[in-house]
Amino acid sequence: MPAVQETIDQVRQIDVDQYKYGFETLIEMDKAPKGLNEDIIRFISAKKDEPEWMLEWRLDAYRRWLTMEEPSWARVEYPQIDFNDIYYYAAPKNQTGPKTIDEVDPELLATYEKLGIPLREQEILAGVQESKVAVDAVFDSISVVTTFKEELAKAGVIFMSISEAIREHPELVRKYLGSVVPVTDNYYATLNSAVFTDGSFVFVPKGVRCPMELSTYFRINEKNTGQFERTLIICEDGAYVSYLEGCTAPQRDENQLHAAVVELVALDDAEIKYSTVQNWYPGDSEGKGGIYNFVTKRGDCRGANSKISWTQVETGSAITWKYPSCILRGDNSRGEFYSIAVSNGRQQIDSGTKMMHLGKNTSSRIISKGISAGRSNNTYRGQVSAHRRATNARNFTQCDSLLIGNNCGAHTVPYIEAKNATAQFEHEATTSKISEDQLFYCMQRGIPEEEAIALIVNGFVKEVIQELPMEFAVEAQKLIGISLEGSVG
Amino acid sequence: MLEIRNLHARIAEDGTEIIRGLNLTVGKGEVAAIMGPNGSGKSTLSYILAGREDYEVTEGDILYNGESILEMDTAERAAAGIFLAFQYPVEIPGVATMQFLKVAMNEQRKAHGEEELTTPDFIRQVREAAGALNIDMDMLKRPLNVGFSGGEKKRAEILQMSLLQPNLCVLDETDSGLDIDALKIVSDGVNALRSPDRAIVVITHYQRLLEHIVPDTVHVLYKGQVIKSGDKALALELENNGYSNIIKDAA
Numbered sequence: 001m002p003a004v005q006e007t008i009d010q011v012r013q014i015d016v017d018q019y020k021y022g023f024e025t026l027i028e029m030d031k032a033p034k035g036l037n038e039d040i041i042r043f044i045s046a047k048k049d050e051p052e053w054m055l056e057w058r059l060d061a062y063r064r065w066l067t068m069e070e071p072s073w074a075r076v077e078y079p080q081i082d083f084n085d086i087y088y089y090a091a092p093k094n095q096t097g098p099k100t101i102d103e104v105d106p107e108l109l110a111t112y113e114k115l116g117i118p119l120r121e122q123e124i125l126a127g128v129q130e131s132k133v134a135v136d137a138v139f140d141s142i143s144v145v146t147t148f149k150e151e152l153a154k155a156g157v158i159f160m161s162i163s164e165a166i167r168e169h170p171e172l173v174r175k176y177l178g179s180v181v182p183v184t185d186n187y188y189a190t191l192n193s194a195v196f197t198d199g200s201f202v203f204v205p206k207g208v209r210c211p212m213e214l215s216t217y218f219r220i221n222e223k224n225t226g227q228f229e230r231t232l233i234i235c236e237d238g239a240y241v242s243y244l245e246g247c248t249a250p251q252r253d254e255n256q257l258h259a260a261v262v263e264l265v266a267l268d269d270a271e272i273k274y275s276t277v278q279n280w281y282p283g284d285s286e287g288k289g290g291i292y293n294f295v296t297k298r299g300d301c302r303g304a305n306s307k308i309s310w311t312q313v314e315t316g317s318a319i320t321w322k323y324p325s326c327i328l329r330g331d332n333s334r335g336e337f338y339s340i341a342v343s344n345g346r347q348q349i350d351s352g353t354k355m356m357h358l359g360k361n362t363s364s365r366i367i368s369k370g371i372s373a374g375r376s377n378n379t380y381r382g383q384v385s386a387h388r389r390a391t392n393a394r395n396f397t398q399c400d401s402l403l404i405g406n407n408c409g410a411h412t413v414p415y416i417e418a419k420n421a422t423a424q425f426e427h428e429a430t431t432s433k434i435s436e437d438q439l440f441y442c443m444q445r446g447i448p449e450e451e452a453i454a455l456i457v458n459g460f461v462k463e464v465i466q467e468l469p470m471e472f473a474v475e476a477q478k479l480i481g482i483s484l485e486g487s488v489g
Numbered sequence: 001m002l003e004i005r006n007l008h009a010r011i012a013e014d015g016t017e018i019i020r021g022l023n024l025t026v027g028k029g030e031v032a033a034i035m036g037p038n039g040s041g042k043s044t045l046s047y048i049l050a051g052r053e054d055y056e057v058t059e060g061d062i063l064y065n066g067e068s069i070l071e072m073d074t075a076e077r078a079a080a081g082i083f084l085a086f087q088y089p090v091e092i093p094g095v096a097t098m099q100f101l102k103v104a105m106n107e108q109r110k111a112h113g114e115e116e117l118t119t120p121d122f123i124r125q126v127r128e129a130a131g132a133l134n135i136d137m138d139m140l141k142r143p144l145n146v147g148f149s150g151g152e153k154k155r156a157e158i159l160q161m162s163l164l165q166p167n168l169c170v171l172d173e174t175d176s177g178l179d180i181d182a183l184k185i186v187s188d189g190v191n192a193l194r195s196p197d198r199a200i201v202v203i204t205h206y207q208r209l210l211e212h213i214v215p216d217t218v219h220v221l222y223k224g225q226v227i228k229s230g231d232k233a234l235a236l237e238l239e240n241n242g243y244s245n246i247i248k249d250a251a
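Residue numbers (the UniProt record's numbering), protein chains in the order written: chain A, 1 to 489; chain B, 1 to 251.
Derived from the structure by calculation, the hints contain no laboratory data. One should not assume that every hint holds.
Said to hold, decoys possible - So the derived label-pair ranges between C-beta atoms look like this:
#, chain 1, residue 1, chain 2, residue 2, range
1, B, Glu17, A, Ser285, 32 to 42 Å
2, A, Asn407, B, Val57, 22 to 32 Å
3, B, Asp73, A, Asp85, 44 to 54 Å
4, A, Asp85, B, Asp54, 45 to 55 Å
5, A, Met470, B, Asp54, 36 to 46 Å
6, B, Asn38, A, Pro71, 53 to 63 Å
7, A, Leu59, B, Val146, 56 to 66 Å
8, B, Ile123, A, Lys175, 52 to 62 Å
9, B, Met139, A, Ser285, 37 to 47 Å
10, B, Asn240, A, Ala429, 48 to 58 Å
11, B, Leu63, A, Val413, 48 to 58 Å
Ideal Cβ positions, reconstructed from N, Cα and C, are used throughout, including at glycine.
Take these sequences, add in the hints, and give me the full structure.
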């Protein structure tokens, strides 16, 4: 209940500039030359002190990428991207990898403080920050610090940047990297495989329940820089982890590219819960600037009785192209996808999920809530398939769209394929508008129009908000209110 | 408290005139009943008082405590103390009734420059008001009006009215859809709000409700005008003889 009040306060505080994370950190950067070629890839690999096999892997991906074409099937429009006009590596000077908190540039610490991300362990432990969450902070192309590493190590959990993991745990990385999203999976995933710079690595060994929430906070700061994040999470037999991801970027007139790949692997009886609150800069009300968010996220329920759950709150980015998916390979495995996608201004979202039922008695659940306002377009695209051998596959899909105003669009594109006669797939979809009746009713009780919209929208997305970890739920409600600021009148 | 002067109003979309030179005065402490045949403009009048944008006032004025309210939007009028109990209360999915009550009460307090209610204060107030209306606290955990029975919806309206403590209450066909027991509970709730500082306008088709909420004045609305006013005896006369004689006299 107080969250709604906070949403309202937050909305009220905001005047012309709705995006409060639009500031820029002025810090000296170490950059690779602009453009993309094999030398750049060698440069990135050398910067990160990578073993030879990693460089070969990247180069192989790059060569394949050169033969591929940009996909055009999504319902999004944007000018041709010039891949040679982007910096593929940018890191704060003197920062070659994660350090202890005392060694991190104070300017960077100040940035994260401004973003509300707790990085100082002592303060968190002393109760200055209320929640205990381990954070990996990624700034442009590099992870600047990872908190609570030691405490996690005691439990046997490995949580570090992927660059570190490649050096320190090459056997694990080699075994799992690219095993869920193959190098040649799609245009952006292949590009990412060639040039990825940083991201998080999580390994939870057999039987361990990760003692705290893990999170990565991505920040794009440098101009004309692409961020190519790579995250790999592995849960061995019976392990559990809950992982959160947050993202912001400065306000800029030109578009910036974020092309990430996230791979999750759950072995027998393991469970991974992955939550995202995506708040990249969405561009201004005329569609100038903003992040292109072209992301491949996939989880593999490799073991029997495993479970992977994706929860996402998408409010930012000029363009979102993202389908967090589950491969339900293990018998009795379960995949879930809970999504709230809010678009306003000129934002374009094409997002959804894929549930691929391969094992026996696998089940999946999809709850998608799309909210479109302004002149935005919001598409849900989902695929549910049952393999020939996937007996008793079950899926329930519910797609609800809410429209605010008369100039936005909501589209639902479900694909359903069942090759096994015992599969039971259900699909429900609704599209509604915030009705004049609802607004009039709320306002008649003294609730001003914008607050009334925030209240009605928060009611609409409640089912998904409930799936988020507590701290994120409050954050997400606020964010939704802010994103819809100025959507009426 | 309420003075409507020569009011003319039409549907904004197609220009159909619904209210055609309506005059009505309701004083502090008064309970006024508005009756009239279907299509006479009763519900429209309630919407116009609440400031619904679908209607346009083309002539005349509405004074509330001596000031025109025509320039105020719906939420401002509500904060100023005008409450409309809806004939068809609207469903708000996903928003628990308790949550809605808290937001509404605090928004009105904010508009009056008052502090927000503390949670214990809020719960105490709701518990008291709900008890008087025979409302189970469990019902208030459900999304507002979603899946409520007709009786539950009307009781939820009166609950909001008693929590928001308005100065001018407009009840639009509050008796429709109520069985006799629910009618009694709802009427008792309204009667408990009768006070020398408050005016209540009861819009109804039937004399039945007026046996429970006894009006001080009765006004007959026909084709967007008040064609006859009287005391509660007028309501009885309508019940026995229908509207035709009064309409004939007025014509």
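To see whether the hints hold, each was checked on the structure:
Between B:Glu17 and A:Ser285 the Cβ separation comes to about 39 Å, which falls inside the hinted range of 32 to 42 Å. Distance hint for A:Asn407 and B:Val57: a CB-CB separation of about 29 Å, consistent with the stated range 22 to 32 Å. Distance hint check for B:Asp73 and A:Asp85: the Cβ-Cβ separation is about 49 Å, which falls inside the suggested range of 44 to 54 Å. Our hint of 45 to 55 Å for A:Asp85 and B:Asp54 holds, since their Cβ atoms are close to 52 Å apart.
The given range of 36 to 46 Å is respected by A:Met470 and B:Asp54, whose C-beta atoms sit roughly 41 Å from each other. Between B:Asn38 and A:Pro71 the C-beta distance comes to about 59 Å, which sits within the given range of 53 to 63 Å. One distance hint, 56 to 66 Å for the beta-carbon pair A:Leu59 and B:Val146, holds here, with the actual separation near 58 Å. For the hinted restraint 52 to 62 Å between B:Ile123 and A:Lys175, the CB-CB distance of approximately 55 Å keeps it satisfied.
Distance hint for B:Met139 and A:Ser285: a CB-CB separation of about 42 Å, consistent with the stated range 37 to 47 Å. Against the hinted window of 48 to 58 Å, the Cβ-Cβ separation of B:Asn240 and A:Ala429 comes to about 54 Å, which satisfies the hint. About 55 Å separates the C-beta atoms of B:Leu63 and A:Val413, a value consistent with the hinted range of 48 to 58 Å.
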